[in-house]
Each structure stands twice: as C-alpha cells, then as structure tokens.
Amino acid sequence: MAYQASKDPSKEIRERLYLPELIKGVSVSAKQFFRNLFGTRDTNLEVLDRKGLSKVATVQYPEEKVIYPPGYRGLHRLVPRDDGKPRCVACYMCATICPAQCIYIEAGEFEADAGPEASRVIEKFPTRFVIDELRCIVCGLCVEACPKDAIRMDTGVHTPSEYTRADFVYDIPKLLKGPPVSHPSDPWNRREDSHQPHHQPKEAHARIGDGLVGLKLPQPEHEKAALPAGAAAAPKTPPAQVHRFEK
Amino acid sequence: MSRILFVLFAFGLILGAFFGVTAGGYVLGALADAHWFQGAHRLVMVLILLLVFVMVIATLLTAAERKWSALMQNRIGPNRAKIFGSPLAGLGHTIADVVKMLTKEDFIPSAANKGLFILAPMLAFGSAFALFAVVPAGPSIELMGNTIDMVAATPDFGVLYVFAIASIAVYGTALAGWSSNNKFGLLGGVRASAQMVSYEVSLGMSLVGMMMIFSTVQLPVMVGETFGQGQFQYIWGNDAAMGTGTGFDFGLPAWGIFMQPLGFILFFVASLAETKRAPFDVPEGESEIIGYFVEYSGMKFGLFMISEFVEIVVLSGLLVVLFLGGYHLPFGEVWLRSLPVMQEHTWLFGALLGTVFWVKVLALILVQLLIRWSAIRFRYDQLQSLGWKTMLPLALGNVFVTGALVLWDPSLRWLTVVGLVFLFALLVLTITHAPSDEEDEAHDEGHGHHDHGHTSPSLHGGSAHALPSAHGADDTLEAAARTAASISH
Numbered sequence: 001m002a003y004q005a006s007k008d009p010s011k012e013i014r015e016r017l018y019l020p021e022l023i024k025g026v027s028v029s030a031k032q033f034f035r036n037l038f039g040t041r042d043t044n045l046e047v048l049d050r051k052g053l054s055k056v057a058t059v060q061y062p063e064e065k066v067i068y069p070p071g072y073r074g075l076h077r078l079v080p081r082d083d084g085k086p087r088c089v090a091c092y093m094c095a096t097i098c099p100a101q102c103i104y105i106e107a108g109e110f111e112a113d114a115g116p117e118a119s120r121v122i123e124k125f126p127t128r129f130v131i132d133e134l135r136c137i138v139c140g141l142c143v144e145a146c147p148k149d150a151i152r153m154d155t156g157v158h159t160p161s162e163y164t165r166a167d168f169v170y171d172i173p174k175l176l177k178g179p180p181v182s183h184p185s186d187p188w189n190r191r192e193d194s195h196q197p198h199h200q201p202k203e204a205h206a207r208i209g210d211g212l213v214g215l216k217l218p219q220p221e222h223e224k225a226a227l228p229a230g231a232a233a234a235p236k237t238p239p240a241q242v243h244r245f246e247k
Numbered sequence: 001m002s003r004i005l006f007v008l009f010a011f012g013l014i015l016g017a018f019f020g021v022t023a024g025g026y027v028l029g030a031l032a033d034a035h036w037f038q039g040a041h042r043l044v045m046v047l048i049l050l051l052v053f054v055m056v057i058a059t060l061l062t063a064a065e066r067k068w069s070a071l072m073q074n075r076i077g078p079n080r081a082k083i084f085g086s087p088l089a090g091l092g093h094t095i096a097d098v099v100k101m102l103t104k105e106d107f108i109p110s111a112a113n114k115g116l117f118i119l120a121p122m123l124a125f126g127s128a129f130a131l132f133a134v135v136p137a138g139p140s141i142e143l144m145g146n147t148i149d150m151v152a153a154t155p156d157f158g159v160l161y162v163f164a165i166a167s168i169a170v171y172g173t174a175l176a177g178w179s180s181n182n183k184f185g186l187l188g189g190v191r192a193s194a195q196m197v198s199y200e201v202s203l204g205m206s207l208v209g210m211m212m213i214f215s216t217v218q219l220p221v222m223v224g225e226t227f228g229q230g231q232f233q234y235i236w237g238n239d240a241a242m243g244t245g246t247g248f249d250f251g252l253p254a255w256g257i258f259m260q261p262l263g264f265i266l267f268f269v270a271s272l273a274e275t276k277r278a279p280f281d282v283p284e285g286e287s288e289i290i291g292y293f294v295e296y297s298g299m300k301f302g303l304f305m306i307s308e309f310v311e312i313v314v315l316s317g318l319l320v321v322l323f324l325g326g327y328h329l330p331f332g333e334v335w336l337r338s339l340p341v342m343q344e345h346t347w348l349f350g351a352l353l354g355t356v357f358w359v360k361v362l363a364l365i366l367v368q369l370l371i372r373w374s375a376i377r378f379r380y381d382q383l384q385s386l387g388w389k390t391m392l393p394l395a396l397g398n399v400f401v402t403g404a405l406v407l408w409d410p411s412l413r414w415l416t417v418v419g420l421v422f423l424f425a426l427l428v429l430t431i432t433h434a435p436s437d438e439e440d441e442a443h444d445e446g447h448g449h450h451d452h453g454h455t456s457p458s459l460h461g462g463s464a465h466a467l468p469s470a471h472g473a474d475d476t477l478e479a480a481a482r483t484a485a486s487i488s489h
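From first to last, the protein sequence lines stand for chains A and B. Just so we're aligned: 242 in my numbering is position 242 of the first sequence, and the numbers increase by one with no gaps anywhere. Just so we're aligned: 272 in my numbering is position 272 of the second sequence, and the numbers increase by one with no gaps anywhere.
For the record, the hints were derived by calculation from the structure and aren't laboratory data. These numbers were taken from a predicted model, which means no experiment stands behind them. Quick reminder that beta carbons are idealized off the backbone N, C-alpha and C, glycines included. One or more hints might be untrue.
[As the list claims (entries may be wrong)] Example chain B residues on the side facing chain A (calculated, C-beta under 8 Å, incomplete):
no. : residue
1   : M72
2   : I265
3   : L329
4   : S338
5   : W373
6   : L426
[Said to hold, decoys possible] The calculated lysine-lysine pairs, modelled on DSS-like cross-linking and capped at a C-alpha distance of 27 Å, are:
no. : chain 1 : residue 1 : chain 2 : residue 2
7   : A       : K55       : B       : K82
8   : B       : K183      : A       : K24
9   : A       : K31       : B       : K100
10  : A       : K85       : A       : K174
11  : A       : K85       : A       : K24
12  : B       : K104      : B       : K183
13  : A       : K11       : A       : K24
14  : A       : K24       : B       : K104
15  : A       : K51       : A       : K65
16  : A       : K85       : A       : K65
17  : B       : K389      : A       : K11
18  : A       : K65       : A       : K177
19  : A       : K24       : A       : K51
20  : A       : K148      : A       : K174
21  : B       : K114      : B       : K183
22  : A       : K65       : A       : K55
23  : A       : K11       : A       : K51
24  : B       : K82       : A       : K65
[Said to hold, decoys possible] With beta-carbon atoms standing in for the labels, derived distance ranges:
no. : chain 1 : residue 1 : chain 2 : residue 2 : range
25  : B       : V7        : A       : K11       : 42 to 48 Å
26  : A       : A57       : B       : V56       : 48 to 54 Å
27  : A       : E144      : B       : I95       : 49 to 55 Å
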C-alpha cells in the first residue's frame, strides 16, 4: 500500500471543491492586474509610503535610488574649512587605526613666517592624502579616530564604479568636497579677546548630494534655524520612523 | 490620467488591428476568389488566421506574459531593451529573444537519435499550430459574388480533427524526451506524455455534451451560421430575439457556458493540462524541474516555447468557439445584421464580428495567464488523481445528465436552467465565506429564481420571418431540434 500523500484535513466544501477558492485567487490577481494597468506608478522612494491606484513596488535603480538610512557610512570625504583647504592636520590617526591600511598620508609643514592666509595657526597639513576605496572595508574607524573632524563618511553615496583599479585610489582633489565645517575650537576661529563676537558654528549636517539622495535626518526645530543654506534645502520628508511597519 | 489614456489608446490600437486584419482578410479572400479560382479564399484564410493572427498573437504573448505577470505581481516587468529610447511595453525583449534564439548554436547531442531529435519540435509546434485550422474566426459573408468563410478548413469531422491533432502533440514531447538520450529528459518526457494522455480523455468527454446539444461535430455549425443554428439563438429573450418581432434583440443566448458550465470547466482544465503550463507544469517547471527539452537549444527550444504560446491562443479560440458563442455578440446581432449599412458593406459586418471573436480570445488568454500566476502547481499524484478520479467521472456524469435533459426538453431550456443553477451555486460558493451548510439553500434559491423560464413560449414555436437574412432559419431550427431529440433516443 502506497503512502497516502493526500491527507487533506479540510472538510470545508469550498476548499474541497477547489474551484471557488481558485476563482477567489484569480480575482485577487485580476484586481492587482487592473490596478497596476490603469494606475500611474508612484515614484516615492519610500516604497511603503506609496499612494495611488498602482501598487507597483519597483524602484528603477539607475534612475531612482533608494534613500540610505541616516548614519549610512558612504564614500569618504575630506571636510573643507571655510577657506576651502582641508581641515586635516596630517596627524596620521586615521591611517594608524585603519584596519585595512587603505589611507596614505604625506604631511607638509607650514613655514614659521608664512603669511596669515596660509593658516599658520596650525603646523601641519597633508600634501598627499590618498584612500584606496577598493581596500576600504567601510568600518568608519577613521571617522571615529579623527581629532579634527576632518574625515567623514556622510556623503550618502557608495563608491561609484570605475573602469580601472587606479581610478579607485582617491586623492585630495577627489576627496575634498561637501559643505565646509567650522567649530569654535578651531585655532583659526579662536578669538583674540572676549570683545570679539562669538563664532557662529557652522555645523553642517548637510550631506553631499542633498537633493540627489535626499538623506533624511531627524532635525529638531531649533537646530534647523542654525543650519546653513545647503542643509535647509534638504528634502522635507518626515524622518524614517518605526511606525510605518505597523501598517 | 495620462496612463489611463495611454492604456485606452493601446486597447483601441489592438481593437483596430483586429478589425483591420479581419477586414483585410475578407477583402483579400474575395479578391482571390474573384481573380484566382473558386475557394481560393481558404488559402488566404490560412495566411491570415494561422500566420498573421495566431503567430503574431503567440509571439506578442511572450512579451505580454512577462509584462502581465509583472503587473499581477506589483512589478513593472521588462523595460530595459529600448527601441529609439522607448521600452515599447517590453517588445524590445521579444525582438532580442528572437534574435538570440535564431543566432544561438543549434546543438545536437552526439548520443541523440538525430532524426527524432529534429522531428520532435516540429511535431510539438505543428500539432499546436494546425489545430486552429478548423476554428471559425468570423461569419461567412457574401462579398464580390462569392461566399467568404473566415475559417481555414471546414471538415465534416470538425471537433474530431481537434482531438486527433491535439493527441499528436504527445509524440512531440515523448520523442523529445527519449531522443535526446538524457535521463532527465526521458523522465520529463514520460511525465509529460502521461499527463497529456490522461487529460485527453476528459478533453474529449467534456465536449460530448456540446455535440449532443447541437447534434453536430462541425465547429461552424456549433457556432451557428444562420440565426437559430448552434449558439446563434436565444434561450429566452424579447420578441426580436425569439424571431417573432423586429428591433433590438435581447435575451439569454444559447452559449455553451450557460448550457454546459461543467463541460466548460472540464474542457478548460483539461486544455490547461494539455498546454503543460501552471498549475499543470509538472513536465517542465521553468525554474525547478528539468523538462523533456533539456538538451534543446537555439530555435529548436524556441519552437517548444512558442508552441506553448500557440497552444494558449488556439485553446482560447476553441473555448470561445465551443462555449462562448464564437464570433457572435451576446445580444443585438440580429438587429445589427438587419441594418442597411451592414447589408450593403458585408465586410464591415464580418470584420465587426471577427473583432468580437478576437476580443473574446484575448480575454480568455488573460484568464489563462491569471490562473497561471494564481494557482500553485499540482503534485504529480494530485494531477493524476484529478484527471482520472475527478474529471473523468464528472465528464461522464455530464454526458448522462446532458443527454437526459436534451431528451426530456429539446428546446434546451431545462438544460439551461440546470446550467444556470450550477453557475449560481458556484458563484454563491465563491462569494461566501461561511461554513458549508449554505450550499443547499443556494440550490433552492437557484431553482426558484429560474422557474419562470418553464412557462415561456417554446423556442421553435414562433415564426422567424422578421429577419431579412434569416431565410430558412425556421427549417434549420426545426431540423436542429429534431436531430437533437433523435440523438438522445
């Protein structure tokens, strides 16, 4: 006696007949079909928030890009000062901590009698600052290690594809980008005396490519006012919250 | 909004293409008859129906299946192969597929039986393709002094031709599995041929009811060429529909699905199993089970693939012809036929009804794809027990019940009542969710609802002289009723 493979416990007539349940299933498919046929696809990048008749959940990748979550460790950048030079002081902290040893720095030194335009207030600056993005394991330790807030991974984009390996070796002109950042503690911001006005800190939460990737950060109202223009232009979409999974 | 307009425009384009090609077929057929020889329009119909309609629809179905299944699954579907910067609803992928298959290496395994290996795809494709020859896709019209039939062939053995040719497809699959000298291919071929042989039995039995009702096996007669013949009549309807008055005819047409809903379902399921597609895709699950054409590459594989799509079109056409009234409108056709403009331009009338036929076919193709993407695959033992233990007894029972009802009431009204009750019960079962003790009530309701049909005037009682074109409609009607009664005796 062969093994009785069909042990259907259901005594419900609709399921035993199979046909009513099949028609129900087909009608579900048909509903989806006609909804998506006649509905215009909502291109909202938050797929779960899409509205409208069409339920198509596709994000057409090269043309539309999914929003990376806040805190996403993207491509490195060297943070510029207000005058456009890198904030880096060539302390080798990042190169030392890097587990993949992908950072190479050559330091230069300001002459003692250099003019004020040369930012004489700091001693060293990088003449070469090279990151091999193919070696990088995107651990973010360099960002943690930097004492000067000179390297960040807040660009919100991943490493773009290239045709040669040499193109993945990023030097200062490729790395130095994004909104400038200045802190009150920076030596070039230090006041001579207390009669001078307070330095207005330009803490840039804005990411490179704002509007392109539309990184969303939870921003309290009182902080928003202090942000530079680039940050204010960031998309006004609400911050990603956990409650959207409750639907 | 623009999307809706675009979709409606595409619908219009498809309808226009159906209308245009059908009209062109009629005119070309008439020209061939007039200038070549009597009956040359059949050759034109071979070209128009088989090569233009079936092949083009089957080819476009390869794109449509991917696009439609994407829409059913909330995706977009193929849109990356672009022609002049426009994805053109996935048509670029079809062209890319065709180019790929034609240019790929056509590999024949060294241990294969070469003759049978080459013969198998021809059998699989040819049998599916030749099925459509007997399907009438439009009315016969008088044009340029000749009668132009929109059908490639009208053999006396109509439906039997369908069964005979459909069973040849088994050889294609069995030979493909065996001749490629591959163990998995052989297993797939065995699975496929066992399945097809099992379902051919129910495929044949499910149509016996239709043959008894119309007492013919010829498909054009089953569809009905003149009013009162085949499915071109009304079970109940107003005066115009019953042939006693003029004006717009409206009523319940004598379509197979109303008289033989069980036969319709059985034939549909059996034909789905014949096409070897989901939920009956045990012979070759696209992604999981190696099928009988493992060893095939290039256009030989392409023939197997396109034969599946041809089978979809052909079986939709057969279902429309047998159960959905063929090229006939559900109402108003007698009125339409009597319009002066239709009398004058017969090609216009023919093309209109041909469009109706192809729209029905397209709707059934959509239903087949919906079933494919809704139902899960049957296990192999479920598949065989469904075929032998469920469908065959049901088909036999359907034959007996239909025979008894046709014998009892040759006007087909009680048969229709039973059929409508069946459909109503199915509808009630589908739209309700409550436990099963409602089914009896549904039956009672159905009986009570349709009882009034019993007292209506009988079908062949009235005179049919109101119709200008229905010469001899009364006689054929009487003859059909007599033969329907006699076949039951």
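Right, here's what the structure says about each hint:
{"no.": "1", "hint": "M72", "result": "holds, 5 Å"}
{"no.": "2", "hint": "I265", "result": "holds, 7 Å"}
{"no.": "3", "hint": "L329", "result": "violated, 23 Å"}
{"no.": "4", "hint": "S338", "result": "violated, 36 Å"}
{"no.": "5", "hint": "W373", "result": "holds, 6 Å"}
{"no.": "6", "hint": "L426", "result": "holds, 7 Å"}
{"no.": "7", "hint": "A:K55 - B:K82", "result": "holds, 24 Å"}
{"no.": "8", "hint": "B:K183 - A:K24", "result": "violated, 39 Å"}
{"no.": "9", "hint": "A:K31 - B:K100", "result": "violated, 34 Å"}
{"no.": "10", "hint": "A:K85 - A:K174", "result": "holds, 13 Å"}
{"no.": "11", "hint": "A:K85 - A:K24", "result": "violated, 67 Å"}
{"no.": "12", "hint": "B:K104 - B:K183", "result": "holds, 24 Å"}
{"no.": "13", "hint": "A:K11 - A:K24", "result": "holds, 18 Å"}
{"no.": "14", "hint": "A:K24 - B:K104", "result": "violated, 42 Å"}
{"no.": "15", "hint": "A:K51 - A:K65", "result": "holds, 18 Å"}
{"no.": "16", "hint": "A:K85 - A:K65", "result": "violated, 31 Å"}
{"no.": "17", "hint": "B:K389 - A:K11", "result": "holds, 18 Å"}
{"no.": "18", "hint": "A:K65 - A:K177", "result": "holds, 21 Å"}
{"no.": "19", "hint": "A:K24 - A:K51", "result": "holds, 25 Å"}
{"no.": "20", "hint": "A:K148 - A:K174", "result": "holds, 20 Å"}
{"no.": "21", "hint": "B:K114 - B:K183", "result": "holds, 17 Å"}
{"no.": "22", "hint": "A:K65 - A:K55", "result": "holds, 18 Å"}
{"no.": "23", "hint": "A:K11 - A:K51", "result": "violated, 40 Å"}
{"no.": "24", "hint": "B:K82 - A:K65", "result": "holds, 21 Å"}
{"no.": "25", "hint": "B:V7 - A:K11: 42 to 48 Å", "result": "holds, 44 Å"}
{"no.": "26", "hint": "A:A57 - B:V56: 48 to 54 Å", "result": "violated, 32 Å"}
{"no.": "27", "hint": "A:E144 - B:I95: 49 to 55 Å", "result": "holds, 54 Å"}
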